[in-house]
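*Asks:* Model the full assembly from the supplied sequences, consistent with the hints where possible.
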Amino acid sequence: MLRTLLGCVGIALAGAVSLQPAGPQSSDPIPPSSQYRAVLDRYCVTCHNEKLRTAELVLSKMDVEDVSAGAAVWEKVLVKLRTGAMPPAGMPRPDQAMYDSFAAYLETALDRAAAASPNPGRPAIHRLNRAEYANAIRDLLAIDIDSESLLPQDDASYGFDNIGDVLTVSPTLLERYMAAAAKISRLAIGDLAMAPVSERYTVSERLLQDDRASEALPFGSRGGIAVRHYFPLDGEYGIKVRLQRDRVLDIVGLAEPHQLDVRLDGERIKLFTVGGKGKGGGRGDAENRDRGGYSQKSEDAGQESYERTADAGLEVRFPAKAGTRLVGVAFLNKVAEPEGTLRRRFVAAQYAQGDDIPGVGSVTIVGPYDAKGSGETPSRRKLFMCRPAASPAGNKDDEQCARKILSALAHRAYRRPVTDRDIQILLGLYRAGRGLKSQGASFEAGIGMALRRMLVSPDFLFRVERDPTNVAPGAAYRISDLELASRLSFFLWSSIPDEELLSLAERGKLKSNEVLEQQVRRMFADPRSQALVDNFAGQWLYLRNMQKVVPDPEAFPEFDENLREAFRQETELFLESMLREDRSVLDLLNADYTFVNERLARHYGIPDIYGSHFRRVTLSDEARRGLVGQGSILTVTSYATRTSPTLRGKWLLENILGTPPPPPPNNVPSLKDRGEDGRILSVREQMEQHRKNPACSGCHARMDPLGFALENFDAIGRWRTSSGAGNTPIDSSGVLPDGTKFQGPAELRKILLDRREEMITTATGKLLTYALGRGMEYYDAPAVRKIVREAAPSGYRWSSLILGIVRSAPFQMRRSQEP
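As numbered in our numbering, residues 154 to 972 make up the sequence shown, in order.
Just so you know, these hints were derived from the structure itself, not from any lab. There may be inaccurate statements among the hints.
What the hints assert, rightly or not - Lysine to any residue pairs mimicking SDA-like chemistry, simulated, CA-CA at most 20 Å apart:
| # | residue 1 | residue 2 |
| --- | --- | --- |
| 1 | 336 | 528 |
| 2 | 487 | 425 |
| 3 | 214 | 188 |
| 4 | 549 | 595 |
| 5 | 336 | 350 |
| 6 | 214 | 236 |
Owing to the predicted nature of the structure, the values given are computational and were not obtained by experimental measurement.
*Replies:* Printed below as a string of structure tokens:
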């Protein structure tokens with residue numbers, strides 16, 4: 154519909170060399186609105202009139218003088234004018250002055266109308282999504298939970314999983330919340346009656362364990378896993394290690410002995426030896442030899458049995474204090490020759506049998522056994538700000554202490570001052586739990602019962618903004634400081650407000666722009682703002698999809714979990730540097746640095762990088778600069794067996810330029826990999842053949858050229874100059890619909906940076922969508938343009954965009970319910 158409209162608008166503009174209608178010329182200047190009305194009448198109304206209603210759009214009655222009356226249509230027209238997307242390729246086009254003139258006229262009129270009568274929108278009731286729930290528990294109770302095992306995955310809309318409209322509630326989900334609340338309460342309080350439970354941590358079978366696997370593991374270690382495990386009580390715990398197996402379930406790498414190191418908070422608790430000859434009744438069994446029972450057959454059988462059971466005894470029992478502890482399990486690395494400054498380490502096992510070395514498959518932690526007490530965990534210190542003296546149930550001192558604890562906790566959980574009714578509900582649960590003999594009839598059991606109720610309360614699970622009683626229906630109003638505090642904390646931290654922010658909101662201080670800016674800068678500098686990388690950028694740029702891609706092992710045998718993890722970590726560190734250093738958003742495309750370890754540097758062809766730890770490097774290769782040179786982005790925009798210029802071009806249009814193509818029509822034919830002569834076609838030839846279909850050419854003419862510029866990167870981001878069995882040279886040239894030609898990623902980057910306003914506008918719109926928890930509407934466009942204009946003097950730094958969003962009408966205001 155819009156395409157047809159804009160095609161007519163573009164044709165009109167193309168023909169508007171003289172904007173005055175034919176006939177006698179007047180010396181008086183024609184008002185701009187009359188000029189644009191003449192353009193529409195002459196070139197657009199022919200199709201878009203009340204009779205034809207082409208694309209269900211009627212322009213004959215659109216009022217060019219009162220642009221605000223048709224703002225929804227004019228905003229769409231404005232986007233096409235600013236991007237030069239219409240008229241379509243092959244149609245006459247106006248000069249740039251006409252594009253700019255008409256766009257500036259519409260923009261000015263729309264922005265003026267929005268400033269006079271803002272429409273901030275009306276976000277829906279917002280249920281905490283899985284990430285927000287986990288962060289809220291962390292900040293409320295000082296417990297890190299595995300929310301993925303407790304709660305189902307959230308639905309997403311507009312590219313994000315924090316959109317209120319799709320965060321629905323079902324009976325099944327409520328049951329999961331209740332089960333999660335019970336488990337979290339037990340962990341936080343420390344239930345002495347808790348039965349031993351086990352938790353298993355697995356290592357991917359595709360992870361090569363030939364080097365130090367984690368910064369949390371000691372130097373000189375190889376492979377393994379480091380986990381932060383929550384020990385709920387002081388007591389005895391057990392660790393059981395299972396080694397990696399091959400396809401026939403044999404443990405690999407047992408030809409030579411290896412030492413397996415088990416540590417708790419960096420201190421060794423057990424050193425096992427696995428592997429070596431003579432295991433399981435073979436040649437090394439002296440008793441068997443003395444009886445004359447040795448044979449090669451018995452040795453082979455014994456070794457075969459050992460290779461299936463070598464990890465049966467890899468168990469250790471140890472005492473641990475309650476709280477989150479670092480458990481590390483890894484092999485000791487055997488260095489065959491000294492490490493020089495620029496010399497790569499050589500593992501002795503690699504000399505003997507290449508990469509045939511054992512690895513850790515899983516670590517299971519079981520307990521507690523013989524619990525000694527609840528311990529002094531960060532959670533208990535946060536909860537029990539007072540301790541009642543030993544006394545019978547129902548003592549007034551007990552209840553006063555319970556009231557103090559629950560009031561402080563509910564204040565943070567509910568994100569507002571608590572009422573007497575709130576406290577009475579929680580005290581009722583406290584009394585019930587305090588008297589339950591099955592729960593130990595203790596003060597702590599009562600607090601635990603009240604905590605369970607709090608964690609399933611709608612006041613905790615939902616963010617609800619209520620219309621004031623004195624606001625007219627459909628009117629825009631400023632939200633309360635408490636609501637603003639919640640919007641701000643869930644925007645920057647994906648979590649609840651802290652005490653400082655809540656205190657300022659309760660005192661009405663957030664109305665001050667100075668105070669609000671101070672809080673934004675404080676929160677932006679806080680480590681919790683890492684949520685912007687994990688939850689905002691991770692979804693905007695498709696980084697979360699990195700865990701789901703599965704490149705074909707036959708086409709890309711070098712792809713493994715080490716490379717997958719390196720891709721993810723590179724981009725996360727890169728994005729974190731963007732925020733921490735408050736760089737320009739434009740640096741997402743143009744930064745001359747990245748973060749690599751040895752595995753990733755080898756993949757990129759960067760020399761002299763050794764070890765598993767990541768470090769910042771300056772890029773000398775123009776092609777690798779910015780996001781479009783990073784393996785994560787290039788891999789998630791490819792197919793399992795090959796690159797996809799269409800997916801890569803679509804990613805650029807959607808996430809960088811903000812002009813996504815429409816959904817493809819139904820029954821799109823698949824690409825033909827061979828020509829009429831039977832010759833295998835290159836990807837470019839396949840796409841050229843596909844674009845011959847008129848139904849496909851319109852969108853692919855915009856997407857494919859952008860993607861072709863990245864064809865030198867294969868489907869896992871490795872540089873190449875040829876492809877296919879015939880080593881066909883890569884053609885990375887492209888031509889945009891407006892005739893702009895370019896070659897390769899470096900020239901593509903220059904074209905994208907020439908359209909910086911489109912990129913900044915797209916980033917701002919995505920950030921505002923995430924901040925509000927709702928999709929962008931036409932009435933949000935003036936706010937986005939204002940944020941972009943005000944960020945320009947700073948060079949479009951991230952802090953400028955974030956401050957602009959927080960100051961904006963959509964963020965600070967809300968529209969009341971329509972009658």
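*Asks:* If a hint holds in the structure, say so; if it does not, say that too.
*Replies:* Structure-based check of all given hints:
Proximity of residue 336 to residue 528 is assessed by CA-CA distance (about 18 Å); at most 20 Å being required, the pair is judged to hold. Of the supplied pair hints, the one linking residue 487 and residue 425 holds, its CA atoms being roughly 15 Å apart against a limit of 20 Å. Taken as a hint, the residue 214 and residue 188 pair is honoured in the structure, with Cα atoms around 15 Å apart against an allowance of 20 Å. For the suggested pair residue 549 and residue 595, the alpha carbons sit about 14 Å apart, so the restraint of at most 20 Å is met.
Between residue 336 and residue 350 the CA atoms are separated by roughly 12 Å; this keeps the pair inside 20 Å, and the hint holds. For the hint pairing residue 214 with residue 236, the CA-to-CA distance comes to about 25 Å; that exceeds 20 Å, so the pair is violated.
In terms of the numbered hints stated before, the structure departs from hint 6 and from no other.
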